[in-house]
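Undergrad: All chains should be modelled from the sequences, with the hints used to inform the complete structure.
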Amino acid sequence: GDSVTQMEGPVTLSEEAFLTINCTYTATGYPSLFWYVQYPGEGLQLLLKATKADDKGSNKGFEATYRKETTSFHLEKGSVQVSDSAVYFCALQGDDKIIFGKGTRLHILP
Amino acid sequence: DTEVTQTPKHLVMGMTNKKSLKCEQHMGHRAMYWYKQKAKKPPELMFVYSYEKLSINESVPSRFSPECPNSSLLNLHLHALQPEDSALYLCASSQVERGPNSPLHFGNGTRLTVT
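Same order as they appear, the protein sequences are chains A and B.
For the record, in the first sequence the residue sitting at position 21 is 21 according to my numbering, with numbers rising by one throughout.
For the record, in the second sequence the residue sitting at position 105 is 105 according to my numbering, with numbers rising by one throughout.
Treat the hints as calculated values from the structure; they're not laboratory data.
Be careful, since some hints might not be right.
What the hints assert, rightly or not - Listed below are the simulated BS3-like cross-link pairs for lysine-lysine, each with C-alpha atoms no more than 27 Å apart in a straight line:
{"id": "1", "chain 1": "A", "residue 1": "LYS52", "chain 2": "B", "residue 2": "LYS19"}
{"id": "2", "chain 1": "B", "residue 1": "LYS36", "chain 2": "B", "residue 2": "LYS19"}
{"id": "3", "chain 1": "B", "residue 1": "LYS22", "chain 2": "A", "residue 2": "LYS97"}
All figures in this text were calculated on a predicted structure; none of them were measured in a lab.
TA: Set out below in structure tokens:
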């Protein structure tokens, strides 16, 4: 069945550092891919999405490119802020329900 | 601000109580979802309603009973819960149940504690 694998956390970075959170997937067909973010005490928010190969999703300085050849959708940001501290979930939707990765907790130190 | 509103934010209930969680959205979405999230875990799907009809029940125990009175409202009725049911319960909606441009919109959840 479909699955999502993302890097284990927690990830701790200093403010203004470069961020990469790896996400790879297994799916039949051509799924849509998403990154969701969950801030403390809140629900999940859609951060960005890509619906087909080579699409780049972007929002709030974050980017991810749908790479079919490597089945990846890595999340990147050039300069993180303390306010980016949260849990990040990679997700895919194929023909069935949305599948979430286990989540990566990100801590940004001032 | 989230466009999916959940009440209450916190709920403490005994194992013999009956309570309900409520969810409301006014985005015109036709699919609504209940998820359960334990600490440091991803959300787990419980139920999906599509066009006000139950579409998916992920083998959830009968002590959880969903209800969709209309296209904007979703309830989760709780009865005789167990302490292990303590979790964050998230409601979500999407334009349609499945589709590449139909991401989930989540509420901020109800933090449930069963004593």
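Undergrad: Tell me, which hint numbers fail for this structure?
TA: 1
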